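Novice: Spelled out from the first residue to the last, the chains are:
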Amino acid sequence: MKLGVVLLLALSVVYPPVPAFAQSKQSDGLSESAANTPREIPGNAHELYFTRGIYSGEFDDYDEGGRWAIDYPKADHQFLVALKRLSIVDAYGSDNAIALTDPILRHFPLLYIVEVGSMSLSDAEVLALRNYLLAGGFLVIDDFWGSWAWEQFVSQMQRVFPDRAIVDLPADHPVFHAFYNIDSVLQVPNVRQGSAAQQGGPTHEYDGIVPHVRGIFDDDGRLMVLINWNTDLGDAWEWADDPEYPLKFSTYAFEIGINFVIYAMTH
Amino acid sequence: MFEFLFKYPVELFIEGSLILALPWWQLALLPLGVLALAYIALGYFNLRGHTRVRDRVVIALLRSLSLALVIFSLSRPLLEVTSPIPQPNVVGILLDNSISMTLPDFAGTARSDLISQQLDAETGSLLRSLQQRFETRLFKFGADTRAVADVRELDYGDGDSNLARALEFSRETLKGESLAGLVVISDGAISPTDALDAQLLSLRAAQIPVYSIGVGQPQHRRDIEVSRVKLPRQVLKGSQVVADIVVTQRGYDGQTLDLIVEDDSRILRKQSLRLEPGVQAFKIPVATEDAGARRLKFYFANKTDEQITANNGQQEILSVSDDKMRILYFEGEPRFELKFVRRAVADDKNFVVSGLIRTADAKFYRVGVESQQELRNGFPITRDELFSYDALILGSVEIALLSREQQEMIVEFVSERGGGLLMLGGRHAFAEGGYRESPLQDILPVVMADQAHPEFSREIKIQPTEAAWMHPALALADNSEESIARWQTLPPLTIVNPIHQIKPGATLLLTSSPTAQQDPFVAMAFQRYGRGKVVAFPVQNSWIWQMHNDIELEDRTHENLWRQLLRWLVEDVPPQLSLALSTRGIHSGGAIRLRSEVLQHLIKTDAAPAPQAVLTAPDGLQQVQPLSRHPSLPGVYEAEIVAAEPGDYLLHVEFEQHGEVIRSDESRFVVTREGNEYFHSEMNETLLRGIATETGGGFFTTDAVDELAASMRTHQRSAGALVRHELWDMPAIFLLLVFLLCAEWAYRRWRGLA
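Protein chains in written order, with our numbering: chain D, 1 to 267; chain E, 1 to 754.
One or more of the hints may lead you astray.
Unchecked claim - Label-pair restraints from in silico Cβ distances: (1) R486(E) <-> E244(D): 52 to 60 angstroms; (2) R486(E) <-> E151(D): 22 to 30 angstroms; (3) E244(D) <-> E455(E): 57 to 65 angstroms; (4) A467(E) <-> D183(D): 32 to 40 angstroms.
As the list claims (entries may be wrong) - Here are the computed lysine to aspartate or glutamate pairs in the DMTMM-like style, where the Cα-Cα straight-line distance is at most 25 angstroms: (5) K84(D) <-> D361(E); (6) K230(E) <-> D648(E); (7) K461(E) <-> D102(D); (8) K237(E) <-> D220(D); (9) K349(E) <-> D220(D); (10) K237(E) <-> D219(D); (11) K237(E) <-> D519(E); (12) K363(E) <-> E255(D); (13) K230(E) <-> E276(E).
These are computed hints drawn from the structure, not numbers from a lab. Since the structure is predicted, the reported quantities are computational estimates derived from the model, not experimental observations. Ideal Cβ placement from N, Cα and C applies to all residues, glycine included.
Assemble the whole structure, with the sequences as input and the hints as a guide.
Specialist: Okay, structure coming up:
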């Protein structure tokens, strides 16, 4: 509870500006071609740039540029406020959306991708993502629900890694203890269902009743891809400042998000 | 006139002293003579008649004087003087009895043939010519020196030529004789030593010249020699070591030959080397695959037209450790550098990298620890805990995160423990982290900026210096050309600590490409500090060399660099109990000094016993070698051992505390019959001429050996002998006796007496 209160206060005071090189769905409706335009490298002035992956999706034409930008950029901004407030990670305070095929992506070893249930990668994106992960990049997947989204995601990941299994992470995996000790995986609902859950409504979407944290490992047993299925951390970050959104979900989302970052920077 | 009367000049009587060399039996007659004199005197006094008393006194006096003069002459009067008497001059001839004298480069025959020909007791012309003017004494010298009667006693089997000991021994033996000089016949394959210098000074002071005859050719006609092989004493299994090889060759200019590196008959490497005139140095990378004491042999295949093939290779023992070296990586904030360093060395089984990362103001996260207790309380606060690591990496750690005691402990970790320290760049490192005012400032190899530049950030292209091309930590290929080319392709990195200068004595390994606007940045430098090593690597994101889009997935540059860097950082970290031998190329019968050192923090009590050393000989026999405590260096124990037989020896040392062995170490060494005799075997004219010049003697080649005897000076050395001159036959005694007898006769005539 203390963490949530602190964050709410922090979020009400600090709201970082959008950087020059950041691409915002809200501002210009970024297209794939625009995302692939070479940009200036930020110069590594900060240790961490919380980077959101821009990818091709099935509903891009109907969704103002792409499902990759769900909750963007406010979720990213608010998560960074929490990260900087609660840890000493030298994080850039704003969003950083990069296309998977942009060579500059390799300067950012942590990548966050959402709504992968609609992901429909081009061959170039498949290759870029595979190389990014094998080179040492770390991918966090979030906010996709139910069997059909899972099937779509798996079909795309099998193009990236045809032979790699996706496995549930055990509760004693270091990712659950890198900063906070998280004993059980909590289902984090979207903002609408989060409010409804206060009146006893369900927290899940579609048939995604049980939340999972799963992973894909490399040949040396290193975790490359961390998959949050049937949960929506991004919404909890985005709506953490909404009094209607339950504090326990946003608190949990910040905790496990920070764990992901610390883990990605140390393992 | 004086000399006519007394036989000898007056000066002799002034210098000398008069003695009576009366035999003992004559001494017994002396009382009889006195009695005879008394009887004569009484006889004259008792004469009756007309003689007066005065007459009797005069006659008795004259007769007594005559008789006394006769007695004086009979008692063998001598004049004893100390007189210089010339003695025969002696020449000591020192003959080199070492194995190198058997080399067949002297007029097509062995060098030793000169000794056989010139110094044979019956036919040797040099010996004869010397003996015409001097008495000669022969000595043979090798590891030891002995007097010999004949050159046939030489066997040329010594694995060493200890000329200093030979000079000392011959001087001592010839002490008291009139030493005109010493003649050294040798090829000069002798290492100049302080002892030799001292002997030469002593000879010069005593005015004893040394004449040297150089045997052998000053330069071989055709020969390839692996003159030196230098390897680290110990490496980690799987490391690539860079061997420093010195090759000397004559007669093969411009040829390309294969240098072969063998590990117990298994070829590890074959590298083509182009030979240039004279002496060349090469760096040969060698991979180590098997743990244990490896006997590595570096050699060229024998050439059919070569004069000496025994010097075509050298072997060295390399201790390849399969131990796990413990490295503590301390980060003051979460950084991707730690992730990628751990990832780079993750498959290296010889490292354990324990990470301690501050994640919040008072929150630390541990990764890679070996036990739940390790680093549980944060950065070590005791020496025992810190010193249990072999190396320490400091990331972006502001100095305030370490207490003053911890800072001083880190200095001791390097200077006394001998640990490796690597400081990485970062926004809280170097001057930007406040290190300028800390004790660690003294041990860093770089000169930090006067003030912190917290906003500074610059992307730089890394350039290796010449020292890095084939450096074991930074070589990116098997040869320097490829290594440099690979460095040129690496993407730029970011530097947030502007450092432009290294300290005197430090070595610059990596720098930035120079620009017209700014001096190059220091990207990596190191220096030794006390027993340890300190490396500054003030870049903050070497992980770019792993992640960058231009780096192929198969590229192992980042992994190799970090693996090499960390191995280099820890490989020469002394074990907490170490064992070192004084020499390499040991010959049978030679003395070897061994030194064992126990790190001070292990010694808990003053009464701790010395380490126990056991020598295992080639035949398997084991012998305990007592070690004695060094008089002034705490924790250091020494002994001298003699390996009599050629072969492989194993020396094992253990340190016990409270009846339990807490540390052990071992070393191997190879003893050969010939030692280093076939190396540096060209006739060393410089040394031999220097010996002659230093002592006032002369140097001769084998062609001019006939001139030796004539050129040697005869020294008018003489002994202070006592000389006795006979006085009984002095004319003065005879004349005085005649005078006394005549005087008595005349007196009697004048007084009319009978």
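Novice: Taking the hints in turn, state whether each one holds.
Specialist: Quick rundown of the hints versus the structure:
1. R486(E) <-> E244(D): 52 to 60 angstroms: holds (59 angstroms)
2. R486(E) <-> E151(D): 22 to 30 angstroms: Cβ of R486(E) to Cβ of E151(D): about 45 angstroms, so the range 22 to 30 angstroms is violated.
3. E244(D) <-> E455(E): 57 to 65 angstroms: violated (42 angstroms)
4. A467(E) <-> D183(D): 32 to 40 angstroms: violated (53 angstroms)
5. K84(D) <-> D361(E): It holds: about 11 angstroms lies between the C-alpha atoms, which stays within 25 angstroms.
6. K230(E) <-> D648(E): holds (19 angstroms)
7. K461(E) <-> D102(D): holds (22 angstroms)
8. K237(E) <-> D220(D): holds (21 angstroms)
9. K349(E) <-> D220(D): Roughly 14 angstroms separates the two Cα atoms, so the pair holds.
10. K237(E) <-> D219(D): holds (24 angstroms)
11. K237(E) <-> D519(E): violated (40 angstroms)
12. K363(E) <-> E255(D): holds (15 angstroms)
13. K230(E) <-> E276(E): Roughly 20 angstroms separates the two Cα atoms, so the pair holds.
When each numbered hint is compared with the structure, violations occur for hints 2, 3, 4, 11.
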